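Asks: With the hints as constraints, model all of the structure from the sequences given.
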Amino acid sequence: MPSQIQSYEARLLRVLEYIHDNPDGDLSLDTLADVAAMSRFHWHRVFSAMMGKTIAQVTREIRMHRAACWLVQEPWPVAKIAAKVGYPNVGSFTRVFGEEYGLSPVAFRNRGDLTGSLPHPQSGDYPMYPVDIETHENRSLAALAHKGNYLEIGEQFQKAGTIFTTRDLWSGARGMLGLYHDDPNSVAEGDLRSHAGIVLADGAAVPDGMEPMVAEGGRFAVLHFTGPYAGLKAAYDYLYGQYIPEQGLELRDAPAMEIYLNGPQDTPPDELKTEVCAPIM
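If you use this note's numbering, the sequence shown closes out at 282, no skipped numbers anywhere.
It should be emphasised that the hints constitute simulated quantities derived from the structure, not laboratory data. Since the structure is predicted, the reported quantities are computational estimates derived from the model, not experimental observations. Every residue, glycine too, gets a C-beta built ideally from N, C-alpha and C. It is possible that part of the hints are untrue.
Claimed, not checked - Computed spacing ranges between beta-carbons, pair by pair:
no. : residue 1 : residue 2 : range
1   : D203      : V107      : 46 to 52 Å
2   : P89       : N111      : 21 to 27 Å
3   : L30       : D271      : 25 to 31 Å
4   : D267      : E247      : 35 to 41 Å
5   : E247      : A206      : 40 to 46 Å
6   : E272      : S93       : 24 to 30 Å
7   : M129      : Y19       : 36 to 42 Å
Replies: Spelled out as structure tokens, the structure:
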């Protein structure tokens, strides 16, 4: 890879990491240009040309995704969540969130299909999702490791996508896939292990800076989920808490997978399609 492209890629990755690490901080164009070590004018043009979106669009998407996950999975007041993603004014946060997700923060939080975890699953009130039993082949991946809250793996997916974009490697890619190695109900959040992977076509090489991995095939119970990623916990609750026990299926010792059939870069949150794959005997 030419050294100049490598330099710009490193700046992009540095800025994305800064945004993810500081959702409540100063993410102005001037600040991010300083992080990138480029002039304000040139950095904005470089970022937009290489990422296909403006810095403001990417920043807003990262902040609103983090807010959506907290709204569904944390009991915090909306004002606290707004502040944690850089909006001390609840009114402006509500407006921006509504533009991104089509609902107010309170209405989004109250959506039954996103908050389906119940203390008494035997009541049968889980949201229902279509599930198929499928057999998958092994998949070769170029991956980046993530440790910590699964909801924050998006940073690694963005980094992986940036590497493939700056090096013009997408012709050798066959989609995106996440591997989730631990049970978040039994492993401390900070110790959760996962990988953000790009599925490689036969013969495609793993780019420098990414880890070669194999997503092992076999039998899976595959839940078909449509909607914001913030709702995936409810889907997992149904798959592991109701469908698999009711069907008498036995889980095998392999990571859970998420296969992303489209992505937030060009798809509204309610139209995102994810296959949640639980490995079974």
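Asks: Next step is simple, just say for each hint if it's right about the structure.
Replies: Tested hints:
1. For D203 and V107, the Cβ-Cβ distance of about 48 Å falls inside the hinted range of 46 to 52 Å, so the restraint holds.
2. Here the CB-CB span from P89 to N111 is close to 24 Å, well matched to the stated 21 to 27 Å.
3. Distance hint for L30 and D271: a CB-CB separation of about 30 Å, consistent with the stated range 25 to 31 Å.
4. Range check, D267 to E247: Cβ separation about 36 Å, and the 35 to 41 Å hint holds.
5. With their beta carbons about 44 Å apart, E247 and A206 fall inside the hinted range of 40 to 46 Å.
6. Distance hint for E272 and S93: a CB-CB separation of about 26 Å, consistent with the stated range 24 to 30 Å.
7. Checking the proposed 36 to 42 Å range against M129 and Y19 shows it holds: the Cβ atoms sit about 41 Å from each other.
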